[in-house]
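Chemist: Residues per chain, in single letters:
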Amino acid sequence: MKFDIDKILKLSMIELEKEEKEYLKKEMEKIIEWVSKLEELDIEGEDVVFLTHTPLREDETKQTLQRKDIISPYNYEGIFFIVPKVVEK
Amino acid sequence: MRIGELSLKQLRELIKKGDIRCIDVIDDYKGRIEKFDKELRAFITIDWDKVYQRAKDLDKEKSREGLLFGCPIAIKDNILTKNIRTTAGSRILENYIPPYSATVIEKIEKEGGIVIGKTNLDEFAMGSSTENSAFFPTLNPWDNKRVSGGSSGGSAVAVASFMSPASLGSDTGGSIRQPASFCGIVGLKPTYGRVSRYGLIAFASSLDQIGPMARNVEDISIMLSVISGYDCKDSTSSKTPVPSYHEELNEEIGPFKFGIVKDDELEGVDEEIYRAYKETIDLMEKLGGKKIYIELPHLKYSIYVYYILATSEASSNLARYDGVRYGLRLERGDILSLYQDSRSKGFGREVKRRILLGTFSLSAGYYRAFYGKASLVRQLLKNDFEKTFKEVNFILLPTSPELPFLLGEKCEDPVKMYLSDIFTIPPNLAMLPAISIPVALSKNNLPIGMQIIGNLFDERNLLNITNLMEKNLSFLYNELKRRYL
Chain R
1 MKFDIDKILK LSMIELEKEE KEYLKKEMEK IIEWVSKLEE LDIEGEDVVF LTHTPLREDE
61 TKQTLQRKDI ISPYNYEGIF FIVPKVVEK
Chain U
1001 MRIGELSLKQ LRELIKKGDI RCIDVIDDYK GRIEKFDKEL RAFITIDWDK VYQRAKDLDK
1061 EKSREGLLFG CPIAIKDNIL TKNIRTTAGS RILENYIPPY SATVIEKIEK EGGIVIGKTN
1121 LDEFAMGSST ENSAFFPTLN PWDNKRVSGG SSGGSAVAVA SFMSPASLGS DTGGSIRQPA
1181 SFCGIVGLKP TYGRVSRYGL IAFASSLDQI GPMARNVEDI SIMLSVISGY DCKDSTSSKT
1241 PVPSYHEELN EEIGPFKFGI VKDDELEGVD EEIYRAYKET IDLMEKLGGK KIYIELPHLK
1301 YSIYVYYILA TSEASSNLAR YDGVRYGLRL ERGDILSLYQ DSRSKGFGRE VKRRILLGTF
1361 SLSAGYYRAF YGKASLVRQL LKNDFEKTFK EVNFILLPTS PELPFLLGEK CEDPVKMYLS
1421 DIFTIPPNLA MLPAISIPVA LSKNNLPIGM QIIGNLFDER NLLNITNLME KNLSFLYNEL
1481 KRRYL
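Here the protein sequences come in this chain order: R and U.
Everything in the first sequence is counted per our numbering, starting at 1 for the first residue and increasing by one.
Everything in the second sequence is counted per our numbering, starting at 1001 for the first residue and increasing by one.
There could be a bad hint or two in this list.
[To be verified] Result set (PhoX-like, lysine-lysine): computed pairs, CA atoms no more than 25 Å apart in a straight line: (1) U:1373 with R:37; (2) R:37 with R:2; (3) U:1300 with R:37.
[What the hints assert, rightly or not] Quick look at which bits of chain U chain R covers, simulated, 3 or more residues with Cβ under 8 Å: (4) 1070-1076; (5) 1232-1242; (6) 1305-1319; (7) 1323-1335; (8) 1340-1350; (9) 1370-1380.
[What the hints assert, rightly or not] With the C-beta cut set under 7 Å, the calculated list includes, among others, these residues of chain U facing chain R: (10) 1299; (11) 1301; (12) 1415.
Note that these hints are calculated values from the structure, not bench results.
Where a beta carbon is used, it is the ideal one built from N, C-alpha and C, also for glycine.
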């Protein structure tokens, strides 16, 4: 099992110091080996029916939280959240 | 009469009669919190001004109706409380003030309950000892060199040390039951869907459930009556009717069957816990139960299934902490660094570990072998339980394979820490209700809890049987009363 920590970190939007990265990589390899015990269970031919579904509700207008109550002023302007510039000139 | 030892029902009745005021109750609890919480550290946030304001408002009410009228309730700090800081035990939400309250909080307040404070937890409820809290660990009230259990450790300790008569926790893989067991109190994880999770900070949405913790089964039943029920704001909450759990508590349950597991399923269980398991079997037989050995062929895989599914869901749920809308916001001038810096500095090590494992399990090339297979095996485990509950009314398992462990003992070995959830995880995967009640003390005076699992939405019988069982176990609290009351 190859654990490509750089790829997973990128997907997770997390950055680590070099030492911490080495440490976590080793740990993750141990944990992945541990959960891989699931592989020994043969489920070929098992007839599995999933009983989950997404419940739906009527599409009705209801009173919800007001925008002014849920935003924090420090990262908000007008009706927008403020983020660093994402487009090049 | 000492206010601290009164049950929820006794408190409410004395307040209704006018014998004591809500404010007297708060004074009494505040005294103990000030005395003991410096050391035990059950609470992250207490806003005494708000608590007293609420008590004063309640004292002015004429009708004094409500199942929790005047009762202080401690709340795990991953449950949102309007205008009271809610951190989830994380730096990333260290200064987060929610603009709304969770449905369970609204229900508690509607019944006259007083939110007394927000309790410590492992960061985002990920852990079994509260040592993953970004702020501090909560100590065990029986032995302060030991952990309180987790993740709802603060809620368990608040109740065990008489700093609150009852509390709310959340349980994804044992986070209510294991700390209840470690602290010698009662903790219930209700059926998935029984209680609305609107306003619970999500960890693993197909497993998370809010539930009550208290010092006796009757108080648990009152709390469950209050917080249960369908909520249009949580589409996974169930429309199954809610019985009046506390009013039906003392009804006859008649002869019943309960499932137990063979000794090889209990391999590695602490000797004293093993003995307590056998004694609990005897007790249940004395109460009219017939024991049946059960087989759950997929039980031994549940811990792997859990750590794949829970981390996969967590990696998705925690993607919302991006520094944009709320929570910690750090950046170096570009959008990528906004996400990365906020998350890297905001999350602690265990949370990162779980996000990485979950991201890996869901990633291209590994999805089928990890997330896909774990989902299938979860369904097989559910089928095992469904079959078993055609034969039995309850299943008895230890809550934890071990006694409360020492602080720091497992911090360096995550797999060891994960294994402490081995008996509590299966009910979450199968969505079943399960309760932990204290049954014995070890020779070193540490509490031992047993777990009784019920059939889906059969909390009523689960509470009835444990209510009978605990009648023989009242000796347990004498030591805690001597120390903390």
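Chemist: Would you mind marking each hint as holding or not holding in the structure?
Modeler: Now the hints, each set against the structure:
no. : hint             : result
1   : U:1373 with R:37 : 12 Å, holds
2   : R:37 with R:2    : 16 Å, holds
3   : U:1300 with R:37 : 10 Å, holds
4   : 1070-1076        : violated (count 0)
5   : 1232-1242        : holds (count 3)
6   : 1305-1319        : holds (count 5)
7   : 1323-1335        : holds (count 8)
8   : 1340-1350        : holds (count 6)
9   : 1370-1380        : holds (count 8)
10  : 1299             : 12 Å, violated
11  : 1301             : 6 Å, holds
12  : 1415             : 5 Å, holds
Checked against the numbered hints given earlier, this structure breaks hints 4 and 10; the rest are met.
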